[in-house]
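Assemble chain B onto chain A, guided by the hints.
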Amino acid sequence: MGSHGAVAPVVLKIFILLLFSFPIFAQQRADINRIHYKQMVEYYETGQLDKALEILKTNMNLNRSDVSNDIMFLAAAIYHKSGNSGKALSTLNFLIKKKYLSEHKKTLSTYAKDSSATNLTDVSKGLILLYLQKGLIYVDILKTRYESLGERQRTNLTRMIRMAVEVALEVGYKEDFADALLATLVQIEQDYKDNLVKENWFIGFGYLTWRDEITLKNAAGTELQIRTTNSGLMVNGGKRWANAFHEWSLSGGYALADATVGNDDPNLYFQSGVSTSILTTSADWHWRPNSDSIAFGFEGMLAFRTGDYEAPPNSEIEGKSKITLGALLSAKWRIDPVEFQTKIGKLLGMPSSFVSLGLLYHF
Amino acid sequence: MLRILTFLLFISGISQNAFAYPQFIGHGYTSCLTCHYNPYGNGPLTDYGRALAATMATDRAFIPDSVTDEELGERSGFFFKKAESTWFRPNIDYRGLWYKRDIDSETSEAEIIHMDANITLVGKFLENDKLVTVFNFGYAPQPRGRTGLEDEPSYRTREHYIGYRFTPKLGVYVGLMDKVFGIRIPDHIAFSRSTNGLAMNDQSHGFLVHTGGEKWELGINGFMGNLAQDAQLRQVGASAKFEYDVASKVRVGASVLSSKSDFLETYLNAFHAKVGVGKGSALLIELGEATKTQVAGAQEIKSRYTLTQGYFQVRRGTYGIMNVEYFNQNIDNQSYVMRFGPGIQYFPVPRIELRADIYNTRIFSDSLVSEDTWDLTGQLHLWF
Numbered sequence: 318m319g320s321h322g323a324v325a326p327v328v329l330k331i332f333i334l335l336l337f338s339f340p341i342f343a344q345q346r347a348d349i350n351r352i353h354y355k356q357m358v359e360y361y362e363t364g365q366l367d368k369a370l371e372i373l374k375t376n377m378n379l380n381r382s383d384v385s386n387d388i389m390f391l392a393a394a395i396y397h398k399s400g401n402s403g404k405a406l407s408t409l410n411f412l413i414k415k416k417y418l419s420e421h422k423k424t425l426s427t428y429a430k431d432s433s434a435t436n437l438t439d440v441s442k443g444l445i446l447l448y449l450q451k452g453l454i455y456v457d458i459l460k461t462r463y464e465s466l467g468e469r470q471r472t473n474l475t476r477m478i479r480m481a482v483e484v485a486l487e488v489g490y491k492e493d494f495a496d497a498l499l500a501t502l503v504q505i506e507q508d509y510k511d512n513l514v515k516e517n518w519f520i521g522f523g524y525l526t527w528r529d530e531i532t533l534k535n536a537a538g539t540e541l542q543i544r545t546t547n548s549g550l551m552v553n554g555g556k557r558w559a560n561a562f563h564e565w566s567l568s569g570g571y572a573l574a575d576a577t578v579g580n581d582d583p584n585l586y587f588q589s590g591v592s593t594s595i596l597t598t599s600a601d602w603h604w605r606p607n608s609d610s611i612a613f614g615f616e617g618m619l620a621f622r623t624g625d626y627e628a629p630p631n632s633e634i635e636g637k638s639k640i641t642l643g644a645l646l647s648a649k650w651r652i653d654p655v656e657f658q659t660k661i662g663k664l665l666g667m668p669s670s671f672v673s674l675g676l677l678y679h680f
Numbered sequence: 206m207l208r209i210l211t212f213l214l215f216i217s218g219i220s221q222n223a224f225a226y227p228q229f230i231g232h233g234y235t236s237c238l239t240c241h242y243n244p245y246g247n248g249p250l251t252d253y254g255r256a257l258a259a260t261m262a263t264d265r266a267f268i269p270d271s272v273t274d275e276e277l278g279e280r281s282g283f284f285f286k287k288a289e290s291t292w293f294r295p296n297i298d299y300r301g302l303w304y305k306r307d308i309d310s311e312t313s314e315a316e317i318i319h320m321d322a323n324i325t326l327v328g329k330f331l332e333n334d335k336l337v338t339v340f341n342f343g344y345a346p347q348p349r350g351r352t353g354l355e356d357e358p359s360y361r362t363r364e365h366y367i368g369y370r371f372t373p374k375l376g377v378y379v380g381l382m383d384k385v386f387g388i389r390i391p392d393h394i395a396f397s398r399s400t401n402g403l404a405m406n407d408q409s410h411g412f413l414v415h416t417g418g419e420k421w422e423l424g425i426n427g428f429m430g431n432l433a434q435d436a437q438l439r440q441v442g443a444s445a446k447f448e449y450d451v452a453s454k455v456r457v458g459a460s461v462l463s464s465k466s467d468f469l470e471t472y473l474n475a476f477h478a479k480v481g482v483g484k485g486s487a488l489l490i491e492l493g494e495a496t497k498t499q500v501a502g503a504q505e506i507k508s509r510y511t512l513t514q515g516y517f518q519v520r521r522g523t524y525g526i527m528n529v530e531y532f533n534q535n536i537d538n539q540s541y542v543m544r545f546g547p548g549i550q551y552f553p554v555p556r557i558e559l560r561a562d563i564y565n566t567r568i569f570s571d572s573l574v575s576e577d578t579w580d581l582t583g584q585l586h587l588w589f
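Chains as they are written, first to last, in my numbering: chain A, 318 to 680; chain B, 206 to 589.
Just chain A, same shape as in the assembly:
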């Protein structure tokens, strides 16, 4: 998934500032073991989470009622950074119930009723802090497990993050943190959307032209290479798979064309209005450089072509039918559901280029 990593450090930085600058629980700090707390903070800051966890396990009992809120908040942060999101969340939930239960219930019901935080202007800063910390954990869960989560789970987590952000913005507390959290969430959702592969069928028609080469062999066995110039109309259809960055498709097409056949000396052999046809099957890959409205890439083609070339008396024509492979450059311009496509490339055994332009309709 994409580039939300650029936002995450911002979130973390703000989080650290928030963690160590806000004195909301300061009045209870007298009850804690200051040495252990300071050590855990130091280990947390320097990324030595194992050591921080060790202190937590051996020296702290989070179930004791005299454990301060600061300790619990720090414990949740350590669990979160250690990858134990479940324990981090349960610690934060415990803290919410312990200190803000009624306010929390009221906040939830008001937000559910209004679908916005407009009427939540007096939520305690301590509760907002806990919501934001939970939001940070939810963001990490979405970031790492978005595709494996069910739709309902995604909706619930997203809703909780948005509530935390909206309440913070409404109260005007930790707005930078809230903005960063929201930006990260939006990026995660966008990345998921961008990477989502959608598939659809399409049909189309267009003009195509190619040059061909056949061999005229007379009774004496003398061979004469003859060039053709073909142009006609093609119908095609196929299936496309696409995300925001790439698209690829499998398709087939059939064209009826008109050919002029001859060589440098029209007296030797010349025919115009020859009916020819070409049957193609293709696999292509296109890059979408900056939007899903344009794409360019390559197409590999397997083609079978045949023509009603008439041999002069005492001669025969070789190569009336041919199976060949080719590679084409392709560009597409799309205004949904219609797409304009041009292709130019080379088919083996055919001199010069194979060119087509046409319209596709995507279902």
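Derived by calculation from the structure, the hints in this document are not laboratory data. Watch out, some of these pointers could steer you wrong.
[Unchecked claim] DSS-like cross-link-like pairs, simulated, lysine-lysine; straight-line CA separation at most 25 Å:
{"hint": "1", "chain 1": "A", "residue 1": "510", "chain 2": "B", "residue 2": "484"}
{"hint": "2", "chain 1": "B", "residue 1": "374", "chain 2": "B", "residue 2": "329"}
{"hint": "3", "chain 1": "A", "residue 1": "374", "chain 2": "A", "residue 2": "416"}
{"hint": "4", "chain 1": "A", "residue 1": "663", "chain 2": "B", "residue 2": "305"}
For chain B alone, kept in the frame of chain A given last:
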């Protein structure tokens, strides 16, 4: 014959002096007047146009991060300076071409042509630059493949006019200008320009009335030929072009042109569409018909053409091009020419444009089969 014709068309039409990029409709610019003094593009850029060329149209890969787009815009004036004068805007422009025709041919040789090197002086006066004067002079090589031009000077003016805008929606321009017709693309090699007398040396003295509303533009152009030209050869007549925005970034239009010299009567009509797609990409389509009648003998030849030019923005400053053209010189015949090929246009830093194209030309005839030709071109465009 057709092969010779396509050769002459290529050689005579390959030079460019235009600086009009109608594909910028992909960036939301439907009207040329936003960036050019001439309401139909070409010629010198306005201050806004220069700033836009230096920012939106230019890659940032070679520009330090410390330099902002705003600074690039400010430095887009004459010789990297912010314009100090309120009324005077000089401009120096150069276009060079490297080309190799018919690359499969044993006799094929690469050639370099200095297509255009000119200085343009713009004066703008009155409130909101209501009055503009534009004078262009410079080197312009004699067109290839044409005889009887030995005496034609290599230094000349291709553009000089005075324009006055009575209101933002109504302006009148008088002088030597390109004729108003169809999509003014910079590729004078295109059949839509080279076969219709709308190429690099086909400017004409006359007047232009330009008007428009929020969603439409109308231009009426009366012209009397280039007064520097032999009077008998001057095409005297009028043209008109109407364009309408049917949707955001989708503009359709129609053009007519009628003119006459002592030898030739010309009547042109065309429909076109400019479609902006996505971010910075566009499709340009023009379908047209030309009727040319020899005054002596009244021989009338009607020809048809189509232009399909697709631009896709790969990244800022880089555009891929896919070109497909059709030309039937005489619709009474079954023979016609098609030309197709990819290209790339790159603006690496402000004031530099690089472009490379491949042209595959194919002749369709009911009386002969001829080889395709493959031509390569590379262009360097500088402006200061």
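*Check each numbered hint from earlier against the structure, then list the numbers of those it violates in ascending order.*
none
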